[in-house]
Amino acid sequence: MDIFKQNKILIFLVVILALLNISSLIGIWVLKTGKLLTHNNIFYIPQNEYLIQSKSEILDKLDSELEFNIEQTEKFNKIRNKYHQEIKERMKKIYNIKKKILTEILSKEPEISNVQQNINDIGNFQAEMELNIFLQYKEIKSLCNNEQLIKFEKIIEKILYIPEPDPPPPH
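For the sequence shown, counting from 1, position 97 maps to 97 in my numbering; every step adds exactly one.
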């Protein structure tokens, strides 16, 4: 009888291990293909094609979908380059400030007031970047004719749609 009980236990363990193996492989495949993204530590499938794109890819898509004429395209590229440079400079400043914060950690007696000031500076630069992004899209909107304006608004609505995460489970 011990042999039959051992066989049942072994079969049960083999089935469990096979299921774990298959689920692990599926999980790895899904993560590597990028089909699922994390949002506040919750997995979801994005319903928004703009959600997984960088700002430059969104601008490329805007340029192509709005079907600008030559004059509009030239103005669009000027706007894009102007704001790209400004945002790039602010990102460098933020990076340098973050380096200062990390070097402060290595000092024997870190000054919290210095760290707090650096964090405030990062917040200010981040706010300036967000304002620049807003102004960039505002200028792009001003280039659009009535037909392009309808397309622009639809694209912006898609960009703004980010599904809210599910609430955390009760404790």
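Just so you know, the hints here were simulated from the structure itself, not pulled from any lab data. Hints may be right or wrong, so weigh each one.
Cut-off 30 Å, straight-line C-alpha distance, at most; resulting in silico cross-link-like pairs (DSSO-like, lysine-lysine) [said to hold, decoys possible]:
(1) K141 with K151
(2) K8 with K75
(3) K108 with K61
(4) K8 with K88
(5) K151 with K78
(6) K88 with K61
(7) K98 with K75
(8) K8 with K82
(9) K138 with K88
(10) K158 with K141
(11) K138 with K158
(12) K82 with K108
(13) K99 with K82
(14) K82 with K151
(15) K82 with K154
(16) K82 with K61
(17) K78 with K92
(18) K75 with K93
(19) K82 with K141
(20) K154 with K141
(21) K61 with K93
(22) K92 with K138
(23) K75 with K88
(24) K151 with K92
(25) K75 with K99
(26) K92 with K61
(27) K93 with K78
(28) K98 with K8
(29) K151 with K93
(30) K138 with K154
Keep in mind the model is a prediction, meaning the values are calculated, not measured.
Structure-inconsistent hints, enumerated in ascending order: As far as the earlier hints go, 2, 3, 4, 7, 8, 12, 24, 25, 28 and 29 are violated by this structure, in ascending order.
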